[in-house]
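A.B. asks: Chains as they are written, first to last, in the working numbering: chain A, 1 to 242; chain B, 1 to 245.
Simulated from the structure, these hints should not be mistaken for lab results.
Everything numeric in this text was worked out from a predicted model, so none of it was measured.
Ideal placement from N, C-alpha and C gives every residue a C-beta, glycine not left out.
Be a bit skeptical, because a hint or two may be false.
Label pairs and their computed distance ranges (CB to CB) [as the list claims (entries may be wrong)]:
1. Ala229(B) <-> Gln23(A): 50 to 60 angstroms
2. Val206(B) <-> Gly135(A): 48 to 58 angstroms
3. Ala235(B) <-> Ala226(A): 54 to 64 angstroms
4. Arg137(B) <-> Trp10(A): 15 to 25 angstroms
5. Asp111(A) <-> Leu63(B): 40 to 50 angstroms
6. Arg155(B) <-> Glu185(A): 28 to 38 angstroms
7. Asp67(A) <-> Leu63(B): 24 to 34 angstroms
8. Ala94(B) <-> Pro52(A): 44 to 54 angstroms
9. Trp10(A) <-> Ile75(B): 33 to 43 angstroms
10. Ala41(B) <-> Ser8(A): 27 to 37 angstroms
11. Pro168(B) <-> Ser109(A): 49 to 59 angstroms
12. Ala55(A) <-> Ala229(B): 50 to 60 angstroms
13. Glu181(A) <-> Ala41(B): 46 to 56 angstroms
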Amino acid sequence: MIQIEKVSKWYGQFQVLADCSTQVSKGEVVVVCGPSGSGKSTLIKCVNGLEPFQAGSIIVDGISVGDPKTNLPRLRSKVGMVFQHFELFPHLSITENLCLAQVKVLGRSMDEAHQKGLQLLDRVGLKAQAAKFPGQLSGGQQQRVAIARALAMDPIAMLFDEPTSALDPEMINEVLDVMTELAQEGMTMMCVTHEMGFARRVASRVIFMDHGQIVEDAGKDEFFGAPHSERAQQFLSKILQH
Amino acid sequence: MTINLDWGIFLQESPTGDGPYWTMLATGLQWTLATALTGWAIALLVGSIVGVLRTVPYRPLALLGDAYVEVFRNIPLLVQLFFWFFVWPELLPAEIGRWMKQDMPYPEFITAALGLGWFTAARVAEQVKSGILSLPRGQKNAALALGFSLPQTYRLVILPQAFRVVIPPLTSEFMNIFKNSAAALAIGLTELTFQMKQMVEYSNEVIVSIAAATVLYMMLAFAVNRGMAWLEKKARVPGMIGGGR
Numbered sequence: 001m002i003q004i005e006k007v008s009k010w011y012g013q014f015q016v017l018a019d020c021s022t023q024v025s026k027g028e029v030v031v032v033c034g035p036s037g038s039g040k041s042t043l044i045k046c047v048n049g050l051e052p053f054q055a056g057s058i059i060v061d062g063i064s065v066g067d068p069k070t071n072l073p074r075l076r077s078k079v080g081m082v083f084q085h086f087e088l089f090p091h092l093s094i095t096e097n098l099c100l101a102q103v104k105v106l107g108r109s110m111d112e113a114h115q116k117g118l119q120l121l122d123r124v125g126l127k128a129q130a131a132k133f134p135g136q137l138s139g140g141q142q143q144r145v146a147i148a149r150a151l152a153m154d155p156i157a158m159l160f161d162e163p164t165s166a167l168d169p170e171m172i173n174e175v176l177d178v179m180t181e182l183a184q185e186g187m188t189m190m191c192v193t194h195e196m197g198f199a200r201r202v203a204s205r206v207i208f209m210d211h212g213q214i215v216e217d218a219g220k221d222e223f224f225g226a227p228h229s230e231r232a233q234q235f236l237s238k239i240l241q242h
Numbered sequence: 001m002t003i004n005l006d007w008g009i010f011l012q013e014s015p016t017g018d019g020p021y022w023t024m025l026a027t028g029l030q031w032t033l034a035t036a037l038t039g040w041a042i043a044l045l046v047g048s049i050v051g052v053l054r055t056v057p058y059r060p061l062a063l064l065g066d067a068y069v070e071v072f073r074n075i076p077l078l079v080q081l082f083f084w085f086f087v088w089p090e091l092l093p094a095e096i097g098r099w100m101k102q103d104m105p106y107p108e109f110i111t112a113a114l115g116l117g118w119f120t121a122a123r124v125a126e127q128v129k130s131g132i133l134s135l136p137r138g139q140k141n142a143a144l145a146l147g148f149s150l151p152q153t154y155r156l157v158i159l160p161q162a163f164r165v166v167i168p169p170l171t172s173e174f175m176n177i178f179k180n181s182a183a184a185l186a187i188g189l190t191e192l193t194f195q196m197k198q199m200v201e202y203s204n205e206v207i208v209s210i211a212a213a214t215v216l217y218m219m220l221a222f223a224v225n226r227g228m229a230w231l232e233k234k235a236r237v238p239g240m241i242g243g244g245r
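Between the sequences and the hints, there should be enough to build the whole structure, so can you do that?
C.D. replies: See the structure below:
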C-alpha cells in the first residue's frame, strides 16, 4: 500500500531524513516513534506530499508521490490524515467540516455527504454536536471529528501525526479508542505517536527513528521484547518507566 | 469680536446657476460617494488578489505581488492621480491617448476611482496578506490533505478565515478611501471638498461651508464604521476569533 524507498530530505544544509525505507501493507498498523526532532512527522508528511523530499521514492497505492506529474490532490483525497492540532476549519460547523471535501473534492451530493458525515459522527460518538462549531468542542472531541472528517472520504489508508500530543490526559483515551477500533476493523494505518500502550495493543510493526534515520523497524513483540539498537532500548527504558 | 454665521446660506441661490448652495454640496457628496465606493470595489478585488499572490508558494507570483505593493504604497496618492491623469495618456499609443483626453466620459471620475482603487489595493493587499499569515500553518495542510487544490484551499478554507481576521483594519481602509477621495479635487473632480471650496469662494461663508463639509464627511465615516461593525457581527463564528463576546 505504502512503499517508502531510500527517502532523503534536506532543509538547506540540514538533513532531516536520511535514506528512510519501509513499507506499510494493506491492513497493517505501523507505529512510528522516536525522540522529538527525529524526523517522524516529516516522514509521514512526505507520504501524502505535504512535504517535498529530494531523494528516493514513495509509492502509495501504485502512484509515485514525488513524481511532478502525479495529481497530488487526487492522491491525497484517498489518504486520510489526522493532525496534532486537529485543524478543523473553525469558520465551519461540524457538519460543514464533514461535508465540504466530500462535496467539493469527491463530487458527492450534499444529501449523500450529509448522511455519510452524520453516520461517521455517530460512530465517534458526537452526533449531538453536529450543529456546533469546532471552537465549542473540547480537544478530544475535535480530534474525533477530525478522524470522522478524514474517514468521510473513504480513505484507503490513514496517516496520524501525533494525534494525542496536544490533548489533556483525560481526552487521550477517547481518541485512542476510536483509533483502536479503526485498526481492528482492518484500516491501513501509519501513526506517529508516543502512545506505547496503543502500539502494544494494535500495532503490527513499530518503527523507531532517530536523527532522520529509521533505526529500528520490527514486529511489535520483537520491538517491545528485544529491540536491536541501543538507542531504541534507551528510548523504551525512558518512556516505559511509568 | 463677533462672528456672523449665516446658516441660511444653503438655501440661497449660488451664482453658478446650479441652484441653491446646498445642491452644490449634494453634488459633491454624490461624486465623493461614487468615487470612494467604486474605488473600494476595485481596491478589495485587486487587493485580495495581490494579497493572495504574496503568500503563494510560487516565487515569481509572490515577487509580482510584493512589487505591486511597493510601488503603489510608496508614492503619494496625489502624485499617482497626477500621473494617471496627465502622464499616462501620453505614454499610450497616440490614438488611445487622444481618446482618453478628449472622448472618455467622466475622465476625472474614472481616473480618480481607478487611481484611488489601485492605491488602496496596495494597503488592502497588506492586510489580506497579514490575515493569511496569521492563520495556523496546519489549516492549509489540512485542506490540502483532504484533496483540495491550492485555489480551493484559499477559497474555501484560508480566505474565509483571513477576511474575518482583518475586518477591523479593512474598516480603517474603507474609511480612509472616503477621506482620501478629497485628493481628486486636484484633477478637477467636483467632489465634496472641491464643492466646499467653490462655496467658500462664492458665498464667503468660510466657516459655515467648511462646517457643512466636515459634518458630511463625519457622517460618511460613521456610516462606514457602523456598516462594518454590523458585518463583523454577522461574520462572527462561535468559538473563533472574537466569537466569545
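A.B. asks: Work down the list of hints and note, for each, if the structure agrees.
C.D. replies: Structure-based check of all given hints:
no., hint, in the structure
1, Ala229(B) <-> Gln23(A): 50 to 60 angstroms, "holds, 57 angstroms"
2, Val206(B) <-> Gly135(A): 48 to 58 angstroms, "holds, 55 angstroms"
3, Ala235(B) <-> Ala226(A): 54 to 64 angstroms, "holds, 58 angstroms"
4, Arg137(B) <-> Trp10(A): 15 to 25 angstroms, "holds, 20 angstroms"
5, Asp111(A) <-> Leu63(B): 40 to 50 angstroms, "holds, 45 angstroms"
6, Arg155(B) <-> Glu185(A): 28 to 38 angstroms, "holds, 35 angstroms"
7, Asp67(A) <-> Leu63(B): 24 to 34 angstroms, "holds, 28 angstroms"
8, Ala94(B) <-> Pro52(A): 44 to 54 angstroms, "holds, 51 angstroms"
9, Trp10(A) <-> Ile75(B): 33 to 43 angstroms, "holds, 42 angstroms"
10, Ala41(B) <-> Ser8(A): 27 to 37 angstroms, "violated, 50 angstroms"
11, Pro168(B) <-> Ser109(A): 49 to 59 angstroms, "violated, 38 angstroms"
12, Ala55(A) <-> Ala229(B): 50 to 60 angstroms, "holds, 54 angstroms"
13, Glu181(A) <-> Ala41(B): 46 to 56 angstroms, "holds, 52 angstroms"
Violated hints for the displayed structure, listed by number in ascending order: 10 and 11.
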